[in-house]
Amino acid sequence: MTDIALPDRIALDAWYAVAAIDEIRPDRTRSVTLLGARLGVTRGSDGEVLVSAEAGGSALPVALRFGHVWTTLGAPAADVFAIAEYHEPDRRNVNAGSVGVRTSGPRVVENFLDMGHLPIVHADYLGVEARAEIAPYRVDVTAEPDQILATRCRIFQPMSSVAATQGFEVDYTFRVPHPYCAVLYKSSPVDPARNDVIAIFAQPVDQDHSVAHMLVSVLDQTHSDQAIRAFQQFIFGQDRPILENQIPARLPLDPRAEIPIRVDATSSAYRRWLRQKGVRYGVLA
Amino acid sequence: MAAPEGRALRGAGVRALAADRWFTVMRSEELVPRHVAQTALLGQEIALWRDDGGGVNAFENRCPHRGVRLSIGQNTGLELRCRYHGWRFARGDGRCTHIPADPSRPPPAVLRATVYQAAVQQGFIWVALSPLDRPPPSWGAGAPWLTLRSTPVDAGVERVRAVLEAAAQAIAHDAYTFTSEVEQARLTLMLQPMCEAGTVIHAALTPPPLLADRLAVLRQYAARLARLRDAAEAP
Numbered sequence: 001m002t003d004i005a006l007p008d009r010i011a012l013d014a015w016y017a018v019a020a021i022d023e024i025r026p027d028r029t030r031s032v033t034l035l036g037a038r039l040g041v042t043r044g045s046d047g048e049v050l051v052s053a054e055a056g057g058s059a060l061p062v063a064l065r066f067g068h069v070w071t072t073l074g075a076p077a078a079d080v081f082a083i084a085e086y087h088e089p090d091r092r093n094v095n096a097g098s099v100g101v102r103t104s105g106p107r108v109v110e111n112f113l114d115m116g117h118l119p120i121v122h123a124d125y126l127g128v129e130a131r132a133e134i135a136p137y138r139v140d141v142t143a144e145p146d147q148i149l150a151t152r153c154r155i156f157q158p159m160s161s162v163a164a165t166q167g168f169e170v171d172y173t174f175r176v177p178h179p180y181c182a183v184l185y186k187s188s189p190v191d192p193a194r195n196d197v198i199a200i201f202a203q204p205v206d207q208d209h210s211v212a213h214m215l216v217s218v219l220d221q222t223h224s225d226q227a228i229r230a231f232q233q234f235i236f237g238q239d240r241p242i243l244e245n246q247i248p249a250r251l252p253l254d255p256r257a258e259i260p261i262r263v264d265a266t267s268s269a270y271r272r273w274l275r276q277k278g279v280r281y282g283v284l285a
Numbered sequence: 001m002a003a004p005e006g007r008a009l010r011g012a013g014v015r016a017l018a019a020d021r022w023f024t025v026m027r028s029e030e031l032v033p034r035h036v037a038q039t040a041l042l043g044q045e046i047a048l049w050r051d052d053g054g055g056v057n058a059f060e061n062r063c064p065h066r067g068v069r070l071s072i073g074q075n076t077g078l079e080l081r082c083r084y085h086g087w088r089f090a091r092g093d094g095r096c097t098h099i100p101a102d103p104s105r106p107p108p109a110v111l112r113a114t115v116y117q118a119a120v121q122q123g124f125i126w127v128a129l130s131p132l133d134r135p136p137p138s139w140g141a142g143a144p145w146l147t148l149r150s151t152p153v154d155a156g157v158e159r160v161r162a163v164l165e166a167a168a169q170a171i172a173h174d175a176y177t178f179t180s181e182v183e184q185a186r187l188t189l190m191l192q193p194m195c196e197a198g199t200v201i202h203a204a205l206t207p208p209p210l211l212a213d214r215l216a217v218l219r220q221y222a223a224r225l226a227r228l229r230d231a232a233e234a235p
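So the protein lines, in turn, are chains G and X. The first sequence begins at 1 in this note's numbering and counts up by one. The second sequence begins at 1 in this note's numbering and counts up by one.
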């Protein structure tokens, strides 16, 4: 059942990825749903992308960022957030898929920020059960830029990416620059001094359904786009049954609703941040 | 017997009316060792699991940490392990015994799964959402009976009740228990209100038929229960 509740101002005025650019065939219209509204995304043969409501009306704002088409139903105060690494010349930027998930956008984002599940849900890839302990890390919430940053996160990963040839201690930074999007930076197995970047852009279809658009930006020059995409989809395929079995689908912001522990510091900060912003869509206030 | 998707959590109003009693939720033989079954009662999802001591545990089907259904977790025999972060919840009191991400400290005592009272009686598992100081009812004075296959119905309990009351031979003993006398046998029907639009009819036959007749009798009652289900689901 589609929820038709009207989105709040914050949800309306945000930018959302609604499709990967190279997934839209030229001269075709892709039908997508954003915040309960049906939209058509059209890519002309000249490459120009148009987004408009199927119900009619003028064209909606469009931004092409990170290989995705972004749009909004409102009037964003700022551009789409930046990911500086995306523009580095030696990077492989791969659209790693758009996956429909029967849960809210904030549940998708919170799972992406969650260190504790890596050795359990992604055992023998992004962690090992025998070394599941998560060391303390640092969380900073800033107003300028308006984001959450979790730093000094460390975890042993047997296979941190498709390019990893052996396990190693991976350094992570998690960043939340948008209520429905998150970016992580993790040590690259190719060059330990630099980071691979993975971003998740949740498109809230309605309050209980979303599409997770994934971007992988890596230093890997060896693997095909298909192999890079397949690894990320394999990982997300492990997350999805978890996400779809979280009750309720909307993220509870009351700290008493679900009990956090110390290693949930990022998640707790995210819930507080959403509450302080007054985000209502896809959450339980 | 999974609750119909998306319907399980809407029964809060129904729940208040009938929380204070025992309900049959499953035939005991169906809850096999090291398995976690999912059921629902009055809109409340329940993870049912049998521990290695043979005890039946009925936990709210929701990890207190991040809300994941415990029915997709693992039954280790002594604990139910959440599939998301590997937190383990002890049989009996549901207390969290281990957190892999923070293994050196004992989990705070407040961390526990919500546990409902469960009991096995006359071949059925019974669950009460509120603590009760009385055992489950013993229909037919505890005489031997044959438990029949439970029948899930896509209809609310009021509708199922109306269909049973319309069936001439059914006698209501209370709002959820009916009997009917058929050919020297007594059929007992016990209703499990899962959610607003889902009910399970649990059934047992007294006395049990002779072994030689059992298959034919099972078929006969399966057909009879299917007719009741069809009548309750008819628009």
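FYI, nobody ran anything at the bench for these hints, they're computed from the structure. Some hints here could point you the wrong way.
Unchecked claim - Here are the simulated lysine to any residue pairs, SDA-like style, with alpha carbons at most 25 Å apart:
#1 Lys277(G) with His65(X)
#2 Lys277(G) with Pro252(G)
#3 Lys277(G) with Gly67(X)
#4 Lys277(G) with Arg25(G)
#5 Lys277(G) with Ala78(G)
#6 Lys277(G) with Arg256(G)
Unchecked claim - A few chain G residues that face chain X, going by a derived Cβ cut-off under 10 Å, partial list only:
#7 Leu64
#8 Glu133
#9 Ile247
Said to hold, decoys possible - Reference listing, derived: stretches of chain X covered by chain G, where coverage requires no fewer than 3 residues with Cβ under 8 Å from a Cβ of chain G:
#10 59 to 66
#11 84 to 90
#12 96 to 106
Predicted model only: the values in this text are computed from it and were never measured. Just so it is clear, CB atoms sit at the ideal spot from N, CA and C, and this is done for glycine as well.
Structure versus earlier hints - violations, ascending order: 4, 7
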